[in-house]
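Novice: The residues making up each chain are set out below.
Protein chains: 2
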Amino acid sequence: MAITLNKKPTTGMKDILPEEMQIRDYVIGVIKDTYGKFGFTSIETPAVEAIGNLNCKAGGDNEKLIFKILKRGEKLNVADATTEDEVVDGGLRYDLTVPLVRFYSNNSAVLPNPFKALQMGNVWRADRPQRGRYRQFMQCDIDILGEASNLAEIELILATTTTLTKLEFRNFQIRINDRRILKAMAAYAGFNEEDYDSVFITLDKMDKIGIEGVKEELVGNGFDAAVCDKYLELFTKVNEASNGVNFIADSLKDYLDKEVMDSFKEIIAVVEACKADSFELVFDPTLVRGMSYYTGTIFEIAMPEFGGSCGGGGRYDTMVGKFTGKDVPACGFSIGFERIVLLLMERGFKVPTRPKNVCYLVEKGVAGDELAKIMKQAEEERAKGMQVLVTRMNKNKKFQKEQLNKEGYEDFVEFYKEALKF
Amino acid sequence: MAITLNKKPTTGMKDILPEEMQIRDYVIGVIKDTYGKFGFTSIETPAVEAIGNLNCKAGGDNEKLIFKILKRGEKLNVADATTEDEVVDGGLRYDLTVPLVRFYSNNSAVLPNPFKALQMGNVWRADRPQRGRYRQFMQCDIDILGEASNLAEIELILATTTTLTKLEFRNFQIRINDRRILKAMAAYAGFNEEDYDSVFITLDKMDKIGIEGVKEELVGNGFDAAVCDKYLELFTKVNEASNGVNFIADSLKDYLDKEVMDSFKEIIAVVEACKADSFELVFDPTLVRGMSYYTGTIFEIAMPEFGGSCGGGGRYDTMVGKFTGKDVPACGFSIGFERIVLLLMERGFKVPTRPKNVCYLVEKGVAGDELAKIMKQAEEERAKGMQVLVTRMNKNKKFQKEQLNKEGYEDFVEFYKEALKF
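Top to bottom, those sequences are chains R and D.
Read in my numbering, the first sequence has 376 at position 376, and its numbers run on one by one without any break.
Read in my numbering, the second sequence has 376 at position 376, and its numbers run on one by one without any break.
Source of the hints: derived by calculation from the structure; they are not laboratory data.
For identical chains, the list gives no copy identity; a pair is met inside one copy or between any two copies.
Lysine-lysine pairs mimicking BS3-like chemistry, simulated, CA-CA at most 27 Å apart:
1) K326 / K8
2) K237 / K215
3) K322 / K7
4) K373 / K258
Given the sequences, and given the hints that come with them, work out the whole structure.
Specialist: Quick look at the structure:
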């Protein structure tokens with residue numbers, strides 16, 4: 001046998017040594033355990049997707065970074081081919097969102113509704129190799145499909161922050177905004193709707209170039225200086241206001257549905273009531289999140305130890321519909337698994353050495369303080385080791401319970417609006 | 001956005017639903033926990049390997065089944081290319097052995113010696129799609145590199161059978177043979193060395209076509225009938241002998257080093273002394289194992305519930321050397337993860353709801369009964385929840401302990417030949 005072996009991993013990818021694996025396995029265990037207590041279930045999709053699915057425009061710039069897979073057998077004819085498309089039929093997934101939506105479209109008939117999914121798996125991007133960034137890396141996505149109410153946002157934030165707290169992270173922030181607030185602010189200032197994307201790309205640089213830098217770039221891009229001033233004044237005033245959310249709600253009341261703002265306030269209030277001391281929930285009107293598919297709430301994890309985000313997500317209510325023709329409400333969080341592992345490694349983290357479950361059925365009208373109390377109660381039970389699934393009560397409660405029975409839930413606690421005057 | 005999504009997974013691959021994932025995660029947990037108690041550490045290698053590594057001839061027929069990855073950017077010129085090789089630079093791994101050997105070659109300087117590796121990861125093979133076999137599937141490999149003695153075989157068999165027992169498998173068999181016994185039997189009968197591979201391919205069909213079928217095929221392949229008779233008579237006599245191993249040892253004494261047979265007997269004796277009641281260890285002189293890289297002991301898991309093997313492995317002492325120029329003793333077991341999950345699913349398996357470690361340093365001369373007692377003691381301690389690493393004592397014991405300290409071992413028990421007259 002000739003010596004043909006290249007001892008190094010393929011360009012931009014890495015071997016994972018036992019020491020790092022121990023931390024990775026621990027983090028995976030904490031994630032699976034913690035989200036499990038919230039009723040999330042693990043799923044897995046293949047690493048390879050049909051090339052048409054990967055090029056569906058939901059992947060943004062990542063579609064330029066696909067590792068493409070050659071056709072095989074009779075379907076392949078390299079000699080006569082003139083373009084890539086002729087020789088390729090698949091590719092390695094670049095994220096877990098496109099596969100999740102395909103998975104949900106394929107299997108929704110046999111999945112619980114709402115469906116709370118936990119996915120951990122590798123993704124591949126042919127990025128230029130650089131220190132600390134690899135072409136194969138683990139993503140960890142949690143998504144709730146089929147939940148239209150802000151229960152999805154609340155649970156995602158609580159489960160994610162509980163996970164990070166268990167991993168001994170402290171003093172981090174969850175920054176929250178809403179794409180509809182972003183748009184209303186731009187409308188209030190007088191930008192045209194077709195310019196919003198361009199405006200937001202500039203706004204997204206606020207933490208790097210500051211408010212003066214943003215103004216300079218906007219004006220440089222040809223926007224009216226008075227409009228820009230009105231726009232940026234809003235951000236300054238939010239910062240100065242004693243309650244930024246209330247200030248924005250008042251300022252934008254002619255540009256934004258009251259329900260949107262009320263729901264946004266509720267997310268903040270409920271999370272504040274249940275949350276651990278390990279993090280702050282912060283309204284950040286400059287938060288943009290790049291992906292075009294977000295339709296509502298957006299959020300991001302900011303770690304003081306790490307310059308930049310350690311994960312984020314948001315609501316994307318129209319993405320399933322774009323694939324299947326029928327919209328399904330959806331909200332998800334992607335945790336920066338590799339960054340978390342890196343931070344734990346850097347701080348010399350040593351890996352240290354669930355019982356009954358219950359389902360809370362919450363009537364549709366239950367909201368605000370009542371909802372907060374329920375979530376807090378669930379948190380307390382989880383802290384004692386219980387698995388607690390909190391879900392909205394369906395009209396056909398009997399059928400819903402039968403389905404939940406099949407998922408393993410036998411004990412139910414029902415919360416009705418009328419009975420909840422605390 | 002146009003509707004381009006193909007809801008189905010890519011041909012031959014599958015979506016894994018929560019119910020199956022729960023069993024998979026459980027099996028992964030038991031495997032990691034059980035091998036962990038034996039001192040195996042997890043590693044991971046990238047899914048993608050350089051195409052030259054995958055085509056190194058160590059992959060056998062699997063090399064025909066590679067999912068190949070297209071070059072990217074300026075390196076790719078489809079229009080001018082006439083062959084596959086010109087447009088491809090990588091491929092998805094088809095097993096974990098080639099990546100392990102590359103990993104070991106790349107990282108051996110910072111790895112413990114011997115290095116006890118646990119790898120769990122997906123592999124990809126573009127097999128013809130068929131029911132129950134998928135083009136992406138999980139493999140679970142455990143390997144010991146750098147251990148020349150049969151301690152490697154013993155530990156691999158014990159750790160693997162403990163794992164299967166914890167997963168509630170009963171009445172299974174570990175079939176064991178040695179490539180050198182196979183060869184000696186062929187030599188004894190009078191086959192020429194260059195014909196061994198052909199003879200073994202036929203022998204491997206014994207359980208399907210029976211001894212008469214094997215004879216017919218051998219003669220049909222042009223081998224001398226008298227040689228074939230002498231060969232097959234050996235197999236008949238082994239079956240009839242009260243102790244097949246002793247019979248073979250006597251019959252082959254002019255064709256096989258005594259040390260090979262003694263070591264083989266010792267593996268059997270030690271495993272018999274330590275083993276659980278859940279399985280039988282069976283000498284099977286018809287066991288061939290397809291891969292050409294095996295150099296010594298070979299073994300296979302046979303499950304009564306499953307027609308065929310549920311895993312197997314063996315010693316491959318020259319494979320690292322073929323890549324690096326320097327041989328390293330190596331022995332490994334590959335567990336049929338997907339088959340185990342399938343069997344658990346079929347029987348309606350429900351997923352049910354480590355403390356201090358110690359290192360046993362065993363002097364080189366310790367063998368036979370003495371070794372069996374040590375292994376049994378280790379088993380008992382593991383059953384109580386301990387992590388017990390059993391390893392051969394090096395000449396420079398102080399340095400060895402320092403290295404083991406770095407891996408987290410602080411307590412040592414030393415076993416010397418002279419002190420072990422039980």
